[in-house]
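Asks: Residue-level listing of the chains:
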Amino acid sequence: MSDSENACISEDLGGYVLVRVCGEVDLSWSQQVRDAILAALGNGGVGVELALVTYIDSSGIAALVEGFQTARGKGKRFGVIAASRAVLAVLQLARLDKVFPMFADVDAARAA
Amino acid sequence: MPRALHDMNALIRPLESLGRATIGSLAGMGYAAVLLGESLYFSVAGWRIGQPLRPRAVAEQMRQIGVDALPIVVLLALTIGIMLGIQFIAALSAFGAQSQVVVAVAKSVTREFGALITAILVAGRSGSALAARIGSMSVSQEVDALATMGIEPVRYLAAPALLAMLVMLPALTIFADAVAIGGAALYSSPALNITPSAYVMQTLSLLEPGDVWQGIAKSAVFAVLITLIGVSTGFSVAGGAEGVGRATTRAVVLSICWIIVVDMIFSYFLNR
Amino acid sequence: MNVTAPLIEVEKLEAWYGRRRILNGVDFAVNPGEIRVIMGGSGSGKSTLLRHLLGLHKPRSGTVRLLGVDIARASERQMLDVRRQIGVSFQGGALLTSLSVGDNVALPLREHTNLDEATIRIMSRLKLEVVNLGGFQDLMPAQLSGGMIKRTALARAIAMDPKLLFFDEPSAGLDPVVSAELDELILRLRDALRMTIVVVTHELESAFKIADTITVLDQGDILMTGTVDAVRHSDNERIQDLLNRRPREIQVDADAYLKRLTEEAA
Chain A
1 MSDSENACIS EDLGGYVLVR VCGEVDLSWS QQVRDAILAA LGNGGVGVEL ALVTYIDSSG
61 IAALVEGFQT ARGKGKRFGV IAASRAVLAV LQLARLDKVF PMFADVDAAR AA
Chain B
1001 MPRALHDMNA LIRPLESLGR ATIGSLAGMG YAAVLLGESL YFSVAGWRIG QPLRPRAVAE
1061 QMRQIGVDAL PIVVLLALTI GIMLGIQFIA ALSAFGAQSQ VVVAVAKSVT REFGALITAI
1121 LVAGRSGSAL AARIGSMSVS QEVDALATMG IEPVRYLAAP ALLAMLVMLP ALTIFADAVA
1181 IGGAALYSSP ALNITPSAYV MQTLSLLEPG DVWQGIAKSA VFAVLITLIG VSTGFSVAGG
1241 AEGVGRATTR AVVLSICWII VVDMIFSYFL NR
Chain C
2001 MNVTAPLIEV EKLEAWYGRR RILNGVDFAV NPGEIRVIMG GSGSGKSTLL RHLLGLHKPR
2061 SGTVRLLGVD IARASERQML DVRRQIGVSF QGGALLTSLS VGDNVALPLR EHTNLDEATI
2121 RIMSRLKLEV VNLGGFQDLM PAQLSGGMIK RTALARAIAM DPKLLFFDEP SAGLDPVVSA
2181 ELDELILRLR DALRMTIVVV THELESAFKI ADTITVLDQG DILMTGTVDA VRHSDNERIQ
2241 DLLNRRPREI QVDADAYLKR LTEEAA
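Chains as they are written, first to last, in my numbering: chain A, 1 to 112; chain B, 1001 to 1272; chain C, 2001 to 2266.
No lab work stands behind these hints, which were simulated from the structure alone. Some clues are possibly wrong.
[Unchecked claim] If you want a taste of the chain C side facing chain A, the calculated C-beta under 10 Å gives, among others:
hint, residue
1, Lys2012
2, Glu2014
3, Asp2116
4, Thr2119
5, Ile2120
6, Lys2127
7, Ala2159
8, Asp2191
9, Ala2192
10, Met2224
11, Thr2225
12, Thr2227
13, Val2228
[Claimed, not checked] Below, computed lysine to any residue pairings styled on SDA-like, alpha-carbon distance capped at 25 Å:
hint, chain 1, residue 1, chain 2, residue 2
14, B, Lys1107, B, Phe1095
15, C, Lys2058, B, Tyr1031
16, C, Lys2209, A, Leu13
Even for Gly, the Cβ is constructed at its ideal location relative to N, Cα and C.
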């Protein structure tokens, strides 16, 4: 089905957590992504890297929205990093690209 | 057209329409039986095939069918009780058998009138509402929409109504029994020179469990009849808003006819 | 499943209404990622074809395969799996009038997933945002205008992120601006959510704008299936009649005509 394996890996980079998501994010495992993002928010700011995501459905987007909302509630930083074209198309469809803090890469996110 | 053929036609036409009506009503009964089977199947095993019966939907139907009908059931049952009191006192005093009023009221209410009046009332209120609701949903393609969403219309619309009706109609019947006997007590006790509470105590000592059960058993059968007729006429609606109106009327008339006929059959077999 | 296999495959589908034949052995296939428009006048059989594609009718003769599943032979479980991957926006919206806009859109999610209520709320409101109805979730269907009903129906149809989306008469009864917006939305849905979309319509303008391929149906037969250009330049007379809104020539059979007018049991 997909070129890359579905995966969701959290990396603690000191002060913030990078959540790398790959593959096709759909209903079957988007709850995992959601849990990973919400868990990461316990340790500080969160950047969600989506460069290798080939497809994301609305349950995946919902995970991002919930993460962002929770981060704002806790006064933590949240960013979407290196969204792939597939992700960007969906975000634009719902005009969420104007809502999330979007960063081109990890360094840009760190600089901000 | 030759004359003879014309005459033949005059003969055949009514026969034809009679045949068509017979097939139509047989098909209707068959459809109702399928609906009954499917509703029960979804109620029991629906969760296993991804079509679970929602307790919330059942509760909502129970409220609409049962709780909302309480005021009107009280009013009618009370009236029927008083009416029976009047009639029995008038009729039995002609034989000097006034003392039999209590038992006559008690038995006729629990065995017959409680269940019958409640069922007719609920057929008018909820049978028609079911037919109208499902009918207008069929017309506006809501039923199709449910089906294409993978929500079985029978599970979503018919099964909750059937379960709710099976619980609430017997419950309302028991309630109506009590109120009707209360009404009879209010009217008859002065004429019988006893207190209303003595009247009620006397009723309780005269009633056998079988009397009450007879009414309850009937009301369960009526519940199935009302739901199936309401739901099946609703699902078979064709022809826009006018069709919904016709279906609603049809559901009420058919339900009441069936209730009365089935009631008679039951009474015959249970009281031989 | 093979990636290139058609999502919809119809073979020799016949449909009857009483003694009248509505579809005369129709063959039809839709590939993944395609926007297919089914076009035809009233009485062409397009609604009947759609009802078969939705699995609302079982074919009496011929086969209908949706997502590789033969709907005449599918078990209930298989049928349910297929239906979870299909979204349908009906002509009149077919919103459940007893539920609010938000609950209508959330209904498929509540019925078919075990997602967290917070996730369901976000997902369904997201879909309302997509169709430009953000913030309208608490209204009841009766309070909506025609265009809003259509958009809500679309939001509900895409609630589960279906692979295959059916849209019945998207522009019927809408003013030109709203219907143009809907056309735009259909194109964006395909691009962003990678949906395969089947649109049934009789509106030429909208058909030419959104279609990758068009199937022209006339009196139960498929006249042609082809790209927008191929259909535009077809030399088939009936297709040109449809495109140029010419009334069709009705062949008159004098005997049959007289029989229809005079006989008692025609």
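Asks: Need the list of violated hint numbers for this structure, in ascending order.
Replies: 1, 2, 10, 11, 12, 13, 16
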